[in-house]
Each structure stands twice: as structure tokens, then as C-alpha cells.
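Whole structure, please, built from the sequences with the hints as guidance.
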Amino acid sequence: MPTVHDEIDNYLAADVHNELSNEERYDLHAHLVECADCRRLHQETKIMNNALEETLASEKPDIAFEQRMLAAFRNRVPQKAGRTTTLIVDLMRLRATQITAIAAVLLALVQVGRMITGEGTTAPRNREYATQEQFAAQPAQAPLPSSNDIGALSKSAIRQDRKTDRLAAGQSLAGPQKAAAPAESQTEAKDEKQKPDEVDRAIAAGSTIPAAKEVGRNPAETPVPALANRKLIRNAKVELEIVRFDDAIQEITAFANEERGYVATSSSEKQANGKLKGEIVVRVLPENLDHFLQKIRVLGELKNQTLGTEDVTKAYFDTDSRLKNARVMEQRMIDMLKKKSDDINDLLQVEKELGRVREQIEQMQGDLKYWDSQVQFATVTIQLTEKDMEEPAKFLLKERAQLALYAPDVEKIYNDIKALASPKTQITNAQLDRDNTGRVSARASVLIAPEESDAQIARVKTMGRVENFQVQTERVAQGGTGMSENARTKRDKVELNITISREEQEQALQQTSLRICTSSVDDKTKELRGLAEKQNGRVRSSSFSRDPDGREFANVSLRVPMKDYNALMQSLTTLGKVENVSVQRQDRTGAQVDETNAPADLSIQVYSQGNIVSQETGLFATLRRTLGQSAAAIMWSLRMIGVALAFLAPWAIALAAIIWVARRVVRARAGRSD
Amino acid sequence: MYRAAIHGDREAFGMIIRIHSRALFAIAYGILQNREEAEDAVQDALVKAWKSGWRLRDPEKFPTWLCMIARHRARDIFRRRRTVPLSGEITEPVESEATDTTALDQQLHFALAALPELHRSALALRYFEEMDYRSIEKLLGLSNGALRGILGRALASMRKELRPALASLE
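From first to last, the protein sequence lines stand for chains A and B. According to this note's numbering, the residues represented by the first sequence are 1 to 674, in order. According to this note's numbering, the residues represented by the second sequence are 1001 to 1170, in order.
I should point out that these hints are in silico values taken from the structure, not numbers from a laboratory. Mixed in with the good hints there might be a few duds.
[Said to hold, decoys possible] Covered by chain B, per the in silico footprint, the following chain A stretches (three or more residues, Cβ under 8 Å):
no.	stretch
1	4-18
2	38-49
3	536-548
[As the list claims (entries may be wrong)] Label-pair distances were calculated between CB atoms; the ranges are:
no.	chain 1	residue 1	chain 2	residue 2	range
4	B	ARG1003	A	VAL77	14 to 24 Å
5	A	ASP6	B	ARG1080	16 to 26 Å
6	A	ARG40	B	ARG1080	12 to 22 Å
7	B	ARG1003	A	ALA71	33 to 43 Å
8	A	ASP6	B	ARG1163	12 to 22 Å
9	A	GLN67	B	ARG1003	22 to 32 Å
10	A	ALA71	B	ARG1080	21 to 31 Å
11	B	ARG1080	A	GLN67	40 to 50 Å
12	A	MET115	B	ARG1080	53 to 63 Å
[To be verified] To give an idea of the chain B side of the interface with chain A (calculated C-beta under 8 Å), a few residues:
no.	residue
13	ARG1035
14	THR1064
15	TRP1065
16	ASP1105
17	LEU1115
18	ARG1153
19	ARG1159
A virtual CB, placed ideally from N, CA and C, is assigned to each residue, including glycine.
Now the structure itself:
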């Protein structure tokens, strides 16, 4: 522990500032009595304190200091309306507002995430169903069907009930009682066999489970509502695929008799492919329904089966009691009539009313009878289809041919094709096109009987040069899909589409391009034309040009038959020096081409050398070019500088910002340290 | 009152100016040792506090925060001034006439100038406003009991500086 002497500076300062406690002051004075050094220090401190007080008193702010400060503040911060600003600032300061804002941002993020991932709202609900405790906590979410309104439910509703029932069973499993075991076994049995009896029982058990939970009783012990008095209409619908329809009908009739039932109606229908399908309605005693269904399953493959139970108990007994009332009413009216009232009007009124009541009675009796019959027997509707119902009855072989011809005279061939028409060769479409440049093309579609098709197609082929011939065969199943072993295959009419174009439009088999250098372009070009005509060639196009340097060019495009091609090429050497020969050959695979007559194209350029040196020479031209190039170079470098600036500026700004922040931080730290 | 001032109530802020401006002046003076500059610093600090008051979360810390602003402001002014050489330092008088009160005054000022600025501010608060230690600690954001050490050291070092002058005064 430090002594007074050790801390004499602090003690002395606190003493002159009157900040010592009584004990401390006592200690100090006790020490001062003992220690001469400290006494001297004490003396000095007191003198200095006085001096300080005197000196600093002169530096004190004057009386008007606060007023000055206030005035300065008002000058520098003028009064602003700023009510809304204040309000916003106040709002921003509120913790609740801040939390709300953060929550909103988070929620928005979650929503955006959900939108991006495409996650729907269904997933969480499924989870809800999966958690049984949660489910148990909200029993109202899945209302269990009371046994009374089962009758009102449709088949799909019943299916849904099964699900609910299973959930209810699971729920009681999660509960404290082990009571759910029987209920669960029932549910499983129902799943396996799908017997309606068990469905009913399971539903009944399911509906009593909440009650059992409340009272804490075993659901198996709860009294199951007596089924004996219930009016239940049971029906089933079965779809079977069988091998032979007649056999199946016989078997079903036999089964119906065994189960003390009868065949109500049956119908059958024969398909184009010889297969039978039909429907048979069987009525059996309800208690034998399941047995019957099991039996008919062996007949073939079960495609679909639905079982339904309709509870008409309520409606039945309602109608029954209304019937009784109506009977009483009827009796009373009969009594009235017997009393023989004098008033005819009254009598008529009663008579009329009696008629209405009797009509009602009859209707109600009819309803009851209908229900009785429905309840007495269960209805089984069986739909039978023979195997391979979709098998096609026959196949049709469709042939489609495309033929492209080239001919010198399109119109002649077009007319020839039209002349082919006969009962077995029908022209379905024929068209001759002539465009504004004089080009002619024709199209024709012909339907040919199968037996004549080959001969006719061969005839058409000889009419011109065949460019392309394609045959497409398609086997079309009729009256069904897939394969069939027995179905016949028939050949259909052949559809032939012909296009005829002029020879000129034909693509050349071989394309050659070359240059001939000569001094007199004009003369040589004329000579070239002569040579071409000699070799059966035709000039397709030609052009002549002269450039500023005095060079002359003549371009000539020729077409010759392949057989004369070599002779022409040899004769060309007489014109001048042949240069840059390039040959391109297009072999069309698959197409039958007449090689010797196929066209070959030649494009020949005849040219002269002209002036070798450019006219633009001399000092000024060179100067101009140099200046132009240097101006372009300057522009280019300017562009580059711009790009560099754009590239560097953001970095420079970022760097400056970082340095600024760093300097602020260093300054703040330095300020805090001293 | 502090809450109202933070929320932009000019009257409340005026009240705060009345109450605290002298303390602020003392602090600024402690750093700057110049009345005019200290007044400027206080004015700047008040304006800044008014403008950025909404950033303060805890209204109870308002006085401490206000003092902090004043200290920063004063330090900024001081730093700007330091680039110009102090005339006082060059013409430091070494006079023997210790009995002369003006000379003592000057010596006192030099002794004060030699102290760290926190010590000067604390001394100014004590001698201008005669505040008790606890209040000063609060204003300067010091821990409890720290001020006694600070003032002890400050007075001791001044004592050493002024010993000849004091001896003659005795």
C-alpha cells in the first residue's frame, strides 16, 4: 500500500483543491508534521495554487460569455421549419423503427430467395402434416368426418377421409395411450386389402379417436355405431383386361350365381381390328361383394378398381318418417271427406290436397323401394377389354417420290406430263411459273395407282436431265397403334411431285476460273467467244472495264457440256498466257447424273497490264499521305489516353478515399491517446 | 432536456449552451491557451453538436460527448496554428526579477504550456469553474479517481518549473 509520502503530489493537489476526505486530510497533516520535505512541497503548492488562481482568474470568460455563445449559435444555425425532418429523424432514432426496418429487409431477402429458387408455399404445409405434435395441437385443421355425413361424401371425399383417418391414427400413437395399436392395424389392413367393411370401421374408429383422447379410453372399447340399422349402398367399378370376352362373360355369370347374385346388364362392342370390349353390371349381396371382387380378379389383368359406399341412412329414415306423416294426413283427409261437408268448394279443396299428398306418398315409397333394392344388392360394374385392344387392323404403305428435272424447254415437258393423265394416273396439281426475268419453272403433283407407278415414273425420268430423285415410304397403321402380326399391308397410291426447271438454272458439275494475260483485251475476248461457240458453249455473261491505271479487264462466263470441256481448255492457250487456273468439281452423291452432258462453267478474265506505277507520286502526294497518317496516329493515341484515364480514374478515387479514411482514423486515435 | 436537444429542440439546446459553454471554454482554453481561439472552438463545437446530435444514442452521455467534440475542435485549431512558429517560444524570457508579478504570470503560462493538454484542460476546469473532481472526470470521460493523479502530476511538474520563482515569492 502506497504511503502518503509516496503519493504526496496527489495528496497536496487534492488538499489545495479541497478534495481530501477527513481521514486523508488527517493522514496528510500527520505526515507533514513528520516530513520536512513534504512540508516544503506543501508550502510551495499552496503558493502556486494562489498564483494559478490569480493568473487564471484573468483568463476566465466574462459574464456575457454565454450570451455571446448563444447569439453566435443562433447566427450560425438559422431557425428552419424542418418539422418533417425532425419527425423523420425522431422516427429513425426509434429502436422499434430500426428493428422493423431490419425485419422488413430480411423478409424481403427471404421472399426474393423464394422467388429465385421457385419454392412454393406447399412445402411447409406438408411438413405441418408430417409433424404429428403440430397436427395434434391444431385438431381443427383436419376435421374428422362424423359417421353421419359419410353418406354425403363423394368417392374422392371418401378417399380423402382415409388419409385423414390414417393421420388420426398416427396422432393417437403419438399420444400417451397405447390405445392406437388396434386402430393402426385396422388402417394397415385396409391399405392392403382395401375392403370397404374395414374402411368403414376404420373411419368410425378414426372419428372416435379425439373423443378417446379426451376421456382417456381405449378406442377399441368405444361402442361402434350399430351397422345393422344402417342403410349403406355399396358399389364397385372394375376395369379388367381379359384374353377372350365371351369366356369372361361366362365366368362372371357363374361367379355371380355362386355369390347369389345376378347379371343385371351386359353390353359388348366389336372394334375394327376384331377385338371386343364391353360392360357387364352384376348385382350381388353386399356381404358377398368382396369375395366376388376377389374372384373376378383372376379373369384377367386388373386395370382399375374403385369401391364406394354411400350412407343413405339419414335420408332413408327421414323419408320414412315423412311417409308416415303423409299417411296420417291422408287418413285425416279421407275422414274429412267422409263427414260430407255441404260446401262443395271445401270438398274440392280437400280432394285436391289429397291428390297431392298421395302423389308425395307414391314418390316417397318409390324412393324407399329404390334404396331398399340398392341396399339389398351391391352393384358391380365391370368393364372388360380384350388384350391388344389398340392393335391396328391393317397397314397402308404410302409412297412419296420427289423428282427434279432440268430441260431446255420447260413448257414442252410440262405439257407432256399433263398428257400422262389417265384413270390410274391422276394429276392433282400442275403449275407453270414465269417470273419477270423470263425464267420458267413448272411443278406438278401426280397420284399414280400402285401397279402403274414404276412404269410412269420411269417415263417421266426420260423427259429431261434428272437432277434429283427421292422416294419416301411410310407404313401407316390403321385403326390402332403399335405392331400387329395378323394385319394386312396394302400398298397405297404413289404421290409423285415433279419440279421442272430450265437447264440454265442447273448447277454446274465443274467450275473453272482462270486468267489470261494479253496486250489487246478486246480482240482476244472476241476470239474467245468464237472458240466457245465452236465447242457448243454458250456465253452466259460478259463484262469489260478499264481502271485509272489503264488496265483493262474483260470477264466472260461460259457454259459448255462436260464432253467438250477439255477441247475448249486446250484451245484457250492460243489466246495468251493462261494463269491462276482453279477447278472446282461438285460430285453429287446419290443422284444419277449424266456425266457427258452435265454442264461445266468457266469464268475467264482477260486482262492487260496497264501502267505499273501509281499516278500519285511526287513530293506533295507523299507529304499529304504522311500528314494524313500522322493525324490518324495522334487521334489514335488520344483515344488510348482517354481509355487509360477511364480505366485509372476509379482506382485513383478509391485510393484517395481510403487514404482519407485512414488519416481520419489515425487522427482520432492520436486525439484519444492524449 | 438532452433528449429534446438531440431531437432538435432549439430551446433545450440553448439551455445546454448556457449550462455547459463555460466548461467547454475551459477545455478549449486548456488546449489552446488563447481566449479568442477557445471561443471559436466552443462555437464550432456547439454547431457541430447541433448538426450531428441525432447520431448520439444515449442522451445521458451528451455532456461528455459535447466535451469530446470541443476537444477535437480545439485540437484541430491547435494543429492548424502549429504550422506557424510560436513567437512565445522564441522569445522565452529568462528573467531574474522573480518578484515581478507579470514575469510570474508569464512563467506560469510557460509552465502550463509544457503540460499535456489533458492536464491543462483539467486545470482550467478546476480553476475557471471550480468544479469538483467527480464532475471534471465525468466531463472528460475519465475513470473514477483518475483526476487526482492527473492534477497531482500537473501541479508537481509546474512546481518544479516554477521553483525559483516560488522560492523568491516566499
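Tested hints:
1. 4-18: Our answer is that it holds, as 9 residues pass the Cβ test (under 8 Å) against chain B, meeting three.
2. 38-49: The restraint on the stretch 38-49 of chain A holds, since 7 of its residues have a Cβ under 8 Å from chain B and three suffice.
3. 536-548: violated (count 0)
4. ARG1003/B x VAL77/A: 14 to 24 Å: Because 19 Å falls inside the window, the suggested range holds.
5. ASP6/A x ARG1080/B: 16 to 26 Å: This hint is violated: roughly 42 Å between Cβ atoms.
6. ARG40/A x ARG1080/B: 12 to 22 Å: violated (42 Å)
7. ARG1003/B x ALA71/A: 33 to 43 Å: violated (25 Å)
8. ASP6/A x ARG1163/B: 12 to 22 Å: holds (21 Å)
9. GLN67/A x ARG1003/B: 22 to 32 Å: Roughly 25 Å apart at Cβ, these two residues keep to the hinted range, so it holds.
10. ALA71/A x ARG1080/B: 21 to 31 Å: holds (25 Å)
11. ARG1080/B x GLN67/A: 40 to 50 Å: Since ARG1080/B and GLN67/A have Cβ atoms about 28 Å apart, the given range 40 to 50 Å is violated.
12. MET115/A x ARG1080/B: 53 to 63 Å: Given a distance of about 55 Å, which is inside 53 to 63 Å, the answer is holds.
13. ARG1035: This hint holds: ARG1035/B lies near chain A, its Cβ roughly 6 Å from the closest one there, short of 8 Å.
14. THR1064: violated (13 Å)
15. TRP1065: violated (14 Å)
16. ASP1105: Interface hint status for ASP1105/B: holds (5 Å vs cutoff 8 Å).
17. LEU1115: violated (11 Å)
18. ARG1153: ARG1153/B check passes; min Cβ-Cβ to chain A is 6 Å, inside 8 Å.
19. ARG1159: Since chain A brings a Cβ to about 5 Å from ARG1159/B, closer than 8 Å, the hint holds.
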